[in-house]
Amino acid sequence: MTALLLLVVALSDQPVASVRLEAGERDQARLRRYVDEIEVGRPLSALKLRHVVELLHATGEFEDVVVETAPGAQGLEVLVRPIPAPLLSAIRIEGPRFLDEKRLKTVTQLRDREPLWPERLERAGRDVALSLVGRGYLEARVQAAAVRHQGGADAVFQVTPGPLARVRQAPLSGLPHGLKSALEPLVAPRPGAPFARARADASAERLRKRLVSVGYWRAAVSLEVAYDPSRAQVGLLFVVDAGPPLEVAFAGEKLPRRLRAEVVKLIRDGGARGDALDAADERMETALKARGHRTARVTHREDSGPTRLRIVYEVAPGPAARVAAVRVVDAPPGVPAPATRPLAALREDGLAEDARRLVRDLENQGYADAKVDVEVAEGGGDLPVLFRVRAGARTEVAEVSVDSPVPLPAGAAAREPRTRAGRAYRARDVALDRDGLVASLRDAGYPQVEVVPEIVMNADRSQATVRLRVLPGNRIEIDHVVLAGLNRTREAVLRRELQLAEGEPLSLSRLLDSQRRLGSLGLFQKIAITEMDPEAEGKRSLVVAVEESPLTNWGWGLGYAEQDMLRFSVDLTRRNLFGMDRSLSTFARVSFKSSRLLATFREPYLLGHKQELSFSTFREEAERPYFSFVRYGATVQTARNLAPSLKLIARYTFQLTDTFNIKNPSQVGRDFASSTTAGPSTALVHDTRDDPLEPKRGHFVSADLQFSSVSLGGDSFLKGFFQGAAYARLHSHLVLALATRVGMGRTFGRFEPLFLPDADRFYLGGDYSLRGFKLDQVRPAGGNSLLFAGTELRWDLGKYLSTAAFAESGNVYSLVSDTTLNDLRYTAGVGVRYRSPLGPLRLDWAYKLNRRPNEDPSTFHFAIGHAF
Amino acid sequence: MPSSQPTRAEVARFRRPWPAPALLVLTLLAPPTSRAEVVERIVAVVDGRPVLLSEVRLLARVRGETEKAALSALIDERLMFREASRLSQAAVAQEEEARVLAALKDKLRAGLEEPEAELRRLVRRQLGIVKYIEFRFRPQVRVGDEAVRGEYESRYANAGGAPSLSAVAEEIRDALAERELNAKIEAWVKDLRSQAEIRENP
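Protein sequence lines, in the order shown, are assigned to chains S and G.
Reading the first sequence from the start, the letters are residues 50 to 917 in my numbering.
Reading the second sequence from the start, the letters are residues 16 to 217 in my numbering.
Pulled out of the complex, with its shape left as it was, chain G reads as follows (with noise of 0.2 Å):
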């Protein structure tokens, strides 16, 4: 009766090193290893609209930043859109969108050709954001002499030769003026972040 155990000859021969010359063979004759990528794909739902891979991509390049931060400031501005485009001064003109896409063009003039149409969304994107920020936000913002006088105190409470208030009121105005705009947008994109339904994708 056969014994089912190798023989130990038959363990040396299979413990021995291949050598490099049948590893170049089999490496040359095995069928070429899948560099699939994934080129599309949906990163988020925001309200029952898909986020792209390729919107991220744009805007992470666009914008300098890594796509984890491109996708959280996309979701943004797809829910500041939607509120913008309900506005009819949001709307953003032909010509007002034409100067933009160039002077992002020539931002972008070194690196790849993304599609216009892509590039010309982005534009009008967030120029109907600024527009409707403008005139929703901005006129609420109103900064007084006695801020400004505070401001200009923290600043310079302590500096030898600083400049006289007159001086720089209206830099630290705008400056407070700004912020106070800021904090608005950030109130403004949690209250809309909290009322949208936003799914990510892992």
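Just chain S, same shape as in the assembly (with noise of 0.2 Å):
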């Protein structure tokens, strides 16, 4: 009865006066947004009450929202008051420290803002008594609890950890005579040391695997283990059941010794169980048939042998066959010819593969009941292959038609469909014109849309209505895009990257879009966006539950550089300051003959507008073969995709350079001992490389142009650089890698000098260019000019070596116009390359082809990276 009077209330016809959340300065905002669908002045919806406290519940911060309703005198008052849920704030631990908090959330998986349940506590406190049985401690007891305060709950776990379990004895039983001494190292843990079952285990593992290397590939360890809890001690017993010492023999026909390794380490992987006897029988049959023994077949038989089991396969190949010649017979005209050639062995699944390929070429051609049979007889020899078609009748397209009962959205209206009146019928293409029209209905919310294609023939099969037949569900759109699991991050920055506004149609495309979007900002290490109720008609809410990523990351590298020798790096970034995605970055580089420190700003937004800005401060000191310097500065950047593969990068730098130990002082105007940079510059990329690290196809161009003047406190000058590469793949081993670098720069103003700043210069020689010299040696004193060309051959030797041959042309110019194509320097040479999780190690020897007096003939270079 209570329940029938409080559903009157609840349905009462009485207006609602005033709606009141219960929540927090904060999170009356946010929250306001989900509970303003509680309108004020009309009747209290029932749906629209139970649709609040969905929306409420789905932002995972609270486990109940309680909605009481009062009448007063204007009307019915409600009352939401959300409740909040135990969310993970910290961890801590009561009792002995055998688990610091770092290791307990590992263990665990309990992650920030996670809501502490009974049921996920109690599975978080087995998982750490698990782990300190998987230490030692077995009888280990954990109690689980969340403590609740104002901003969430801590997990407080009380350790009993119990005596720490030793090991009193192990023992191997069932051992092979002999292998006794060979095997006992192996045994873990040792007596007197901590159980720890996870070695125990591992340790039978390195027993199993060392019978096996030597001949027991059925060997099993089983590990047995006795507690005896008054005196926390433990017996190990490893039972070894060896089996027989095995081999394999091969008898019949004589195979290749690559194939028969494959074989015995096939079976040897497989413990020599039935199923892998059976697979290398298979593997073997394969091999065979692939060379044209058509009936090959090969079986396998164990025989007791001197010493060892013996695994004897028969190999009994049958005849081998040769194409002697391909027919194809009835064939409309435009059918290409088969695969198989004469003269190449007779592959039965060669020949299946052609006869399908012939039936798809038909088929595209409007042959829709097209057939073909493979016709060659029994046995070996040079047998003649003759494919018989029977092709049946052309069918072409008479009308086609979509037939829908809601407008089709604008994209599909105008794209042209595939099939089309006067063409051939193909059934793929019909296929691929109803899944394209799938495809836009479901972006324009009808996720539930079918599309029936309904193909009519006429009596001669010789045309063909095509009608897709639209069943479009019902129409979805969005009603509200709820957040959860934020933590740090403010709701701002999710909803900027959201494709999905509220009263759109739901579509598919854009929820992947949105997804893509929220994993690209790379602050979150979950994202996952669904449906709050999947079953409602008209409008569903999305929920876009994320899971932030740690807010410090760090790390460090060492790394070599032909000039520096080895390096040193380390670098630490601080992500989505103040919940915006901002982000503070610092970067260190030390050698022994060079520094680098660097701090960068960004903001992904800049004006409310998505436009990264970057601001970085550094100091870098070099000390070159010719000259050292000292350089610092600030440079202000952004840049902006135009296309996928385009971008336009903007930056203003000023930087000041002091130029020291100059070993040619006549080459260097006096006046750019210091000097300094103040300008804007800009740069436009375009890079299609499969690769960055080692590409093998596409290009990569950037043209670059920096201004600096006096004016704006720095040295006059300007000055460009562009540099192209381009890689094609000629073979499946061979790429080819082409390069261009052109830069030239000047001075200007009354009192400029004619050079450019020391260290703007352009420079050749050393590991990245015209390889035949070593850094820099090409000019010493760089020049306002430079011109190179380079091509590379890449040949690949497996999985981890390549190889390469490389030749490089081009000079470094005083002046822009003293630039000329007759004095050009060319050098050649050949490297290897090592894949390296670092990338590729590269050693290179370049020889200089018009090589000048006092010049070393060659040079060789070590390097990471590819020369470009």
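Since the hints were derived computationally from the structure, they do not count as laboratory data.
There may be inaccurate statements among the hints.
With the Cβ distance kept under 7 Å, some of the chain S side facing chain G (calculated, not the full set) [to be verified]: (1) V102; (2) H106; (3) D113.
Now the in silico label distances, taken between C-beta atoms and shown as ranges [said to hold, decoys possible]: (4) A194/S <-> E52/G: 30 to 38 Å; (5) G568/S <-> R78/G: 44 to 52 Å; (6) S169/G <-> G223/S: 51 to 59 Å; (7) A369/S <-> G159/G: 54 to 62 Å; (8) S181/G <-> R439/S: 57 to 65 Å; (9) E52/G <-> T635/S: 54 to 62 Å; (10) E201/G <-> A251/S: 42 to 50 Å; (11) E98/G <-> A339/S: 46 to 54 Å; (12) E553/S <-> E52/G: 35 to 43 Å; (13) A388/S <-> E98/G: 43 to 51 Å; (14) Q158/S <-> N216/G: 24 to 32 Å.
Short derived list, chain S residues pointing at chain G, Cβ under 8 Å [what the hints assert, rightly or not]: (15) A95; (16) L96; (17) L98; (18) R99; (19) V115; (20) V116; (21) P120; (22) L128; (23) W166; (24) E584.
Don't be surprised by glycine CBs; every beta carbon is placed ideally from N, CA and C.
Reconstruct the complex from the two isolated chains, following the hints.
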């Protein structure tokens, strides 16, 4: 009865006078958007009430949402009272600290802001206890509880570890004769050591592998554990079932060594079990059939050998067949020839594939019922192959129509279908048209859409009428987008990346795009976009649930550069500053000859628009062969993607360069011992490479223009640099790389010298340019102009190794007016590369083709990464 | 120095009962007592999805059960329907839905006006479950002649004037089939519950 009365209140016709949300000031603004579903001045709708509760619950922040109503003078007074969930804010340990908080978090897999429901805590406690058991505390007991406070809840683990169990003995049983001394050292943990189950299991596996390596391919090692709680001691027993020592023998046709080795490995890795032995049969039969032995048969048996059990493979290859001739009969014109060629080994699978391809080609020409039979005699020798085609009638499309009860989206209506009147009828085209229609209607908010092709043929099957019948289902609009899992990140950061707006149709492609954009922020380690109520008709709310990544990242690295030799770097990044996806990163690199310090602040949204801006300050110091310099300054940079692979970068730089230890002062304008660059620069980058570290196809083009002026506080010069590289795969193992670089600069102003500042000049020579020379050796003082072109052939030698041959030419000129193609330097060389996790490690030897007096004939380079 | 202890007269005045008219005036002048009623809340969460008080009340009314029993049934229905909705054979046609909805409205006509969308949702859920059960479990139910004979003998072993086996065989077969089907459904629900994360709010 009470329930009925309450329902009367819920569905009362009394208008809502006020809606109050019981939440903190900060949450009011955020949650109000959901509560505003309840309209003041109108009767309270049970459905809307329910929706409000569901929306608030979907944020993941509340364990209950209580809605109360009370009659007031003006109408119903509604109070919405969300009750916070116990969201994890910290982990604490009570009792002995066998695990620290960080380790505890890893063991329990508890995530920040995860609700601490009793079942979850029980599981977490069990995980901790199991972890302690794994360390030898076999009687460990762990109680986990949630202690609530203002900001969430702490997970408190009360640990009672119990005694540490130690190994009393660990003998081996069932060992084959003579193996005791080889196997006993592999036993772990040793008597007296703490018992750790994982170590004992790993030891058993090591024992098994050792037995396999000496021929006991069927070996199994099991572990028996007996715990004596009164002494806290564990008795271990490694029970070895070695089985007989095995070997493989081949009888009949001699097989290639590589195939035999492969078969032996297959059997050994498979524990010489029945399925592994059968797989070996099949592997050999497949290899023989690929050589034309159409009736090849391989069987196996087990024989007792003098010292070992022998698995004998009987290889009966049967006669080899070769293709004598290939004919295709009764085919309409335009059908391509089969891939099977005369004099090749006759392969049944190849013939079947050819027949399938012919059928596909015929279908593409409009022969919807085409069939192809392969006729070839049994046995071996040179055999003619006949493909007999039964094309049937060619069908043309008479009429195409789309029957849809809802208007087609603009994109779908504008797109011309593949199936068109007057063209050959192709089932595949119809399927593609159907898929295209389904995709565009799904994007227009019809997630359940079905498109049924209906094909009507005329009597002689020469004409087909194609009708695509659209069954749209209900149109779904986005009701609310609920954000869940945010702790430090502000809602605006997520909402500006979402391509899903409330009131718009629920589009699958936009949903995927939103997920991709959120992923590319790098702020979240988990992102899930789900429908809150998939059963709802008309309008559905989406829940975007995220799990935030740690704020601070740091890393270090060891590197190598020809000039610096070994260098060490460390970087530290603090992300998501102020919850707005801003970041501050610092980088430091030191070597015996140089150092670099860099700090960068990044703002992803400039003035409310998606426009990244970064501000960097740096200090760099380097000792080069012919001078040294210290440089420091600041850069403001912004970049914009004009197309998926085209980027425009604009920056403003202010930098001071102090050049010293100049070995040839006559080449360097005295005024440039210290120089200042102040001014804007711009770069356009087009990058279509498939892999920046190891490109095999695509190209990379960039053009830079830098301006500095005395009126902006720097020296006056204009400098441009263009570089381009293209990559093409000539063969499955061969890649051709081409590169060119052109640099030109000049100073201007009445009192300016002719030469660019030292550190801003162009240099050539070294491991990344004109490799016949050492670093900067082409013209040690550098110049205002540079030309370079190079080509390299890269040949893969396997998974890790490759080799290369290259030729390069270029030069550096004092002034732009000195630039000439008649004074180019030429070098050529060869090298090897090893693919490492750092990138390709490269060793090159290059020779000067037009050596000048007093120059070394050749140079070695060792570097990381390709020259271009 | 005045004493902090109340005098005897003060104590007597304090203990004197308030006259009835004064009580009446106070009652009338007092602000109205809060008559706030809970109209919606989350009573349970099943695999992250909330079960609401209004849903429980609706089911309790439709089935004539207590709210506690209705909550348990609703959790089962949620779990079953989630499985059922993955199977296209369990999809509910609009005509079927409309027919059952009309029957349910007839049944509830004397009572309150629940929102139609809620009733429709309930009907769709229950129809989907029934169709799933018919598709998945009904074909597995087999009642052999031996089982029918055994049940006949246990029913009428000592009864005088028992009907012939052939007269009641179909009835017994149907009863046994229903029993077996129910056992399968119970096992299925038990399995679904064991795999689900269910939290009931106090």
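Okay, the hints, checked on the actual structure:
1. Against a cut-off of 7 Å between C-beta atoms, the interface hint on V102/S holds, since the closest Cβ of chain G lies about 5 Å away.
2. At a threshold of 7 Å, the smallest CB-CB gap from H106/S to chain G is about 5 Å, leaving the interface hint in force.
3. Checking D113/S against chain G by beta carbon gives a least distance of about 5 Å; that is within 7 Å, so the hint holds.
4. Checking the proposed 30 to 38 Å range against A194/S and E52/G shows it holds: the Cβ atoms sit about 34 Å from each other.
5. Checked against the hint of 44 to 52 Å, the pair G568/S and R78/G passes, with Cβ atoms roughly 46 Å apart.
6. Checked against the given bound of 51 to 59 Å, the beta carbons of S169/G and G223/S, roughly 56 Å apart, stay inside it.
7. A hinted range of 54 to 62 Å holds for the C-beta pair A369/S and G159/G, which are about 60 Å apart.
8. Taking the beta carbon of each, S181/G and R439/S are about 60 Å apart, inside 57 to 65 Å as hinted.
9. Under the hint 54 to 62 Å, the C-beta atoms of E52/G and T635/S, about 59 Å apart, fit the expected range.
10. Distance hint for E201/G and A251/S: a CB-CB separation of about 44 Å, consistent with the stated range 42 to 50 Å.
11. The supplied range of 46 to 54 Å is met by E98/G and A339/S, whose beta-carbon atoms lie about 47 Å from each other.
12. About 37 Å separates the C-beta atoms of E553/S and E52/G, a value consistent with the hinted range of 35 to 43 Å.
13. Evaluation of the 43 to 51 Å hint for A388/S and E98/G yields a pass: the beta carbon distance comes to about 48 Å.
14. Separation of Q158/S from N216/G is about 25 Å and conforms to the stated range, judged on CB atoms against 24 to 32 Å.
15. Of the supplied interface hints, the one on A95/S holds, with its beta-carbon coming within about 5 Å of a beta-carbon of chain G, less than 8 Å.
16. Given hint, L96/S at the interface with chain G, holds; its Cβ is 5 Å from that chain's nearest Cβ, closer than 8 Å.
17. Checking L98/S against chain G: minimum C-beta separation of about 5 Å stays under 8 Å; hint holds.
18. The interface hint given for R99/S is met, as the beta carbon of that residue sits about 6 Å from the closest beta carbon of chain G, less than 8 Å.
19. With a least beta-carbon distance of about 4 Å to chain G, the hint placing V115/S at the interface is held under the 8 Å criterion.
20. Restraint check, V116/S versus chain G: the minimum CB separation of about 4 Å is within 8 Å; hint holds.
21. Below 8 Å, beta-carbon pairs count as interface contacts, and P120/S has one with chain G at about 7 Å; its hint therefore holds.
22. Below 8 Å, beta-carbon pairs count as interface contacts, and L128/S has one with chain G at about 7 Å; its hint therefore holds.
23. Contact between W166/S and chain G, as hinted, is supported at the beta carbon level, the nearest pair being about 6 Å apart and thus within 8 Å.
24. Given hint, E584/S at the interface with chain G, holds; its Cβ is 7 Å from that chain's nearest Cβ, closer than 8 Å.
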